[in-house]
Amino acid sequence: MQHVSAIREPLVTGGKTLHDVTQDICYQVEAKPNLRWMAALSVALFFLGVFFYSVYRTVWYGIGEWGLNKTVNWAWDITNFVWWVGIGHAGTLISAVLLLFRQKWRSSINRAAEAMTIFAVICAAMFPVLHMGRPWLAFYVFPFQNTLGSLWANFNSPLLWDVFAISTYFTVSLVFWYIGLIPDFASIRDRAKGPIAKFSYSMLSFGWKGSAKAWSRYETVSLILAGVSTPLVLSVHTIVSMDFATSVVPGWHTTIFPPYFVAGAIFSGFAMVLTLMLITRVVFRLEDYITLEHIALMNKIMMVTGSIVGVAYITEFFIAWYSQVEFEQYAFINRATGPYWWSYAAMMTCNVITPQLVWFRRVRYSIGLTFILSIIVNIGMWFERFVIIVTSLHRDYLPSSWAMFSPSIIDIGLYVGTLGLFFTLFLLFAKFFPVINMAEVKTILKYTVDNGPTYNPEKAAHAHAHQPAIHGAPASAPVTYNQHD
Amino acid sequence: MTKQFALGIFDDEDVLLHAVENVRAAGVKIYDVFSPYPVHGIDDALGIERSRLPIAAFFFGMTGLAFALWMQIYMLGFDWPMIIGGKPHIGLPAFVPVAFELTVFFTCHGMAITFFTITGLYPRFKTPVMDVRATDDKFVMAIELDETSSQFPRLTQLLRDNGASEVNQKEMTH
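Protein chains in written order, with this note's numbering: chain A, 1 to 485; chain B, 1001 to 1174.
Okay, chain A solo, but in the shape it has when bound (with noise of 0.2 Å):
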């Protein structure tokens, strides 16, 4: 007997087969590249160029390449390596936390979303380490010990959890995607003809052959490994948050930081994946698979992160005029109405006012606004980290040293630089790797269930031929396909 559930539409439209979804997700691997794909990466290309420029001025003439100055010594750098981990929150919360909650819906975007958070926190790890003046030296920050005694590193600072939380992060995530990407890579190699992607594919695939014991271990292994990764995502932004919370600095030293940045982070993250994917379904023809109902899903845990965020920032308000500390009380209203008044104006209209628009549907179900949106609440949320940072900084306890802070060119290049170095990746990444997880999507592509030995071969032969091309629904299935609430 077969139960066809009437309240579930389906997760992927277009009434795909199995076949189909090899077809269309290997399709843009095996194409040759497309113009705009080529256009896009010359964009991108340019853009790391940039960056790679800003890199050699910051390295061979130091630090002073930047804007900073002794009252603001910490600036776009730390504004930018926020923004970008904070974007990469939302690829692990994909794949580990909705894993968890049996999202089944983050199928489709899980690899995308995984692959953002990779290139993001490569990008957010350029900062600190440009930062430190001598790269070279990078290696100090672990507990090695140094050249002249057993000295070794500092365990009580903030800024070296951050060192582990940052480096465990990457590496755990890479490896959750990577784990994730072979299935699929031996779905690409069998399908290779040249003998070039026939022995990459080969390499990359590490010899999978879909064994059921392999898919068991495969299956454990994800659960395992989304298990750590939720309190680890979770772990990272407290951390950074830490960075300014166990500072001393007005306007820093707030307990509301680690679940205030953690929801940021989320926010700002779902806002790039949306970005990310409103184009990625357009150029590479996903429509059928990142539908309308993905993208009001996102949308909704958009609003929701966004509504964390506002709440935040006005809780932090009254928290500092309740707590009576004149310098928190300063710190405060010198960033709502100070020289900075426009940066905090900004933070605000971002990221409590738009995400509120959510709330309407007719927002929600559209693509447009939706992508003006992400890029609004991306832009929310670096004037955010800047607001934090700059403003709680430019005027310190001594007023003759108060100062204001105005980027250098090479700041602005190594921020710009980033997005190249970004999108580079991600458009490599989305012509040589399947962007869609095509063994999980095949999961969720049959919405009956069989349960009985009622096949009849001659039977099955002859309804196929006459079946419509839904995957597994008999042609009498109650199929209600436009009913989104």
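These are calculated hints, taken from the structure and not from any lab test.
All C-beta atoms, glycine included, are put in the ideal place defined by N, C-alpha and C.
Just to be clear, a hint being listed does not mean it is correct.
[Claimed, not checked] Pulled a few chain B residues facing chain A out of the computed Cβ check, cut under 7 Å:
#, residue
1, P1038
2, L1046
3, I1048
4, V1098
5, F1105
6, D1136
Got chain A; can you put chain B on it based on the hints?
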């Protein structure tokens, strides 16, 4: 050494599951089943035991935790005690973040290495497979034949009766 295999090709996971049960009930030993995605319930049908990887994961995690705590306490408490803001040399609360991160680090990488090792996954120049469609849209049940392949006709019938869309014979280097 080469071996002969009978390959039953199935189009649907449910059909495959019933076939696995029936073939095993008929007293035929199944070599392996290859599928494009994890088929739920096949472990029980094939009699595959539950993986003990979670136990390994626990021990990797404990190793990481122990290592992290030892490292921090030894380095800052005994090998080169430093006075940092007048705080105790061994301030356990400050050691929590690194201890947690290393627990996760060891669990994840230990698991990955164990998984690759026991499943025999490593980069290869060439990967011979039973049927290339097993990573696309077909479910392949492989049954080992003896040297003369005398059981092949009987197996063909058995597999066809259980819904196999085709049955092939394949020689594999083992």
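Those earlier numbered hints the structure runs against, lowest number first: none
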